[in-house]
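Given the coordinates of chain H, work out where chain G should sit on it, guided by the hints.
As they're listed, the protein sequences go chains H and G.
To convert, take the position in the first sequence, counting from 1, and add 789; that gives the numbering used here.
To convert, take the position in the second sequence, counting from 1, and add 10; that gives the numbering used here.
Keep in mind the hints are simulated off the structure, nothing from the lab.
Careful, some of the hints might be misleading.
As the list claims (entries may be wrong) - The calculated DSSO-like cross-link candidates involving lysine-lysine, where the alpha carbons are at most 27 Å apart (straight line), are:
1) 874(H) to 15(G)
2) 15(G) to 266(G)
3) 132(G) to 794(H)
4) 133(G) to 794(H)
5) 211(G) to 867(H)
6) 70(G) to 794(H)
7) 211(G) to 854(H)
8) 794(H) to 211(G)
9) 794(H) to 197(G)
10) 83(G) to 854(H)
Values in this document were obtained by computation on a predicted structure and should not be read as measured data.
Chain by chain, the residues run as shown.
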Amino acid sequence: MPREKFRTLTEQMFYVLLCLKNECYGMDILDRIPAMTNGRVGVGSGTLYNLLEQFVEAEMIRETKVEGRRRSYILTDKGRDMVSKEFQRIRAQAADYIAVFGEEDLT
Amino acid sequence: MKDIKRKFNRHSFFNFPAIEQDLEQMASKGWMLTKADSNIWQYKRIEPQKLHFSITFFSKASAFDPEPSESQKAMWEYCERTGWKLAAQTAQMQIFYNEQESPMPLETDPVVQVENIHRTAKKSFLLQWGAIFLISLLWFGLIIMRILNSPISVFSSSANTFTVICWIAIAAMSTSELSAYFLWYRKARKAAENGYLVLPKEPLIVQYIALVIVLVAFLLYTMTILTNYALRYVLLAIGQVAIVFATVRFVMVTLKRRKVAAKVNMVLTIATSFVISFALMGVITHIILSDSFDWTAISEDAAGTYEHDGRTWEFYDHDLPLRVEDMVDTPSDGYSYRWTGDESLFLGQYTGRQRGRYDAENYEELLDLEYTVTYVKVPALYEMCKQELIEKMDETHDERIPVGHKQIYEPQDATPWNANEVYQLCVQDTGPMSWYLVCYDDHIVEIIFFGWDPTTEQISVAAEKLGAL
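Chain H with its partners taken away, still in its complex shape (with noise of 0.2 Å):
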């Protein structure tokens, strides 16, 4: 069953959003992401662009400054939740890691 939008965040748009805390040039989260994930994740232009469009439209994410081409965003309330649901469900998943094989198994 597809996802409905935004209902479960991909882990880009997880980090996406998550670098929107406070407020950033759409461009700068290339650079942002993989130093945040010690290089584990990245986010390619062509995502990174369409994901920005798109969280500004379901306002996820609001424009705070336009300089020419250059754009920066902030987390809005409503990105904020999304952000926050998505984690809960993520320590909800290693909850039930931990249950089932317990914490001396973590590295």
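For chain G alone, coordinates are given in the frame of chain H:
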């Protein structure tokens, strides 16, 4: 040595991996994409090199945009930041290349990528193919109705048959494109949920087969009309399509160059396509009507003309399979013999007419004969053709003809005609006419003996000649 190369892009809109692969191969052979604003893509010569190509879609763009929008340029800047440079764009499709060894991909989230492609498809690809599909459905409805009413007129005309084949090919192409897209989209959407991208498969086989069928049909069609004046109309029709395409493209490109707003450009381009299509249709109709109503023009197949009663009449000297002289002891002077018709791979219909010339001394004594031979090359069409010929003359359901005066084909003994079935046209008040429908194995003959009743011997001669056709 040429520095510019043009190549037809055969891939569907959504088959971006195949396009990327083609472009990478071209670069490795020393050709870099520079222009992709039509189906013929342009390349310039470069040093052969290993380049990565990647395609993303910008759904807000349109082929009518006078120049890229600020948001489109912003997207290009995002891409440049990771080393992706714009090679070319075709409305919404943005084609980038990257010189790095292992660049960060342009698209890294299948969910976003698939939805972006679908959003773009809804604004372009699906609209275009959807419209073609609907038009072909509508056309199919009309042609099926026509085939049910008059299969002979459809299948005995090479032009009609060619048109039917073209529309079947167009319908097959639009159906295969749309179904391939939706199949891919359904699978890709599901797979994206699990984090991977399903690569599209385009219906190239269907397209190639459709193209080959249309080309073969066109060749066969032109072969049937090579010696016919109809070739002129075919060339006019091809010219019309070429002029419409060229004019529409010229208007669109000129307006873009003059930075006219996209919506204004779209309206003017569409309006131009309608105006030029109707204008050219008018010109062609005028030419056809002028040819048809030019009473002074002599048919190509006429043997000559003669004057009678202040008018010029054509006469013909075609080789007819059955002549009055075969059945009646009469001189062949003073007659005009004409054999006309058309045929396709499915059916053929030819008419033989033997008429006395008005300037013949013994005109009053000359017997006239006319027969139409319908050759049924596909046995499945035989019954439909027979029914059409029978029903064409049947007046029993025509309320305009008073009861008692209606005509109908009545079955007769087929033995004298050495045929499978024979029908004779009978009028309720005046009785049987010298008008027969004779059904042989693979052809049906409708024959009219004007003003004379053939004897059994004469029928036997006619049967021998017409049955052997």
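*Which earlier hints can't be squared with this structure?*
Hints 1, 5, 7 contradicted; others consistent.
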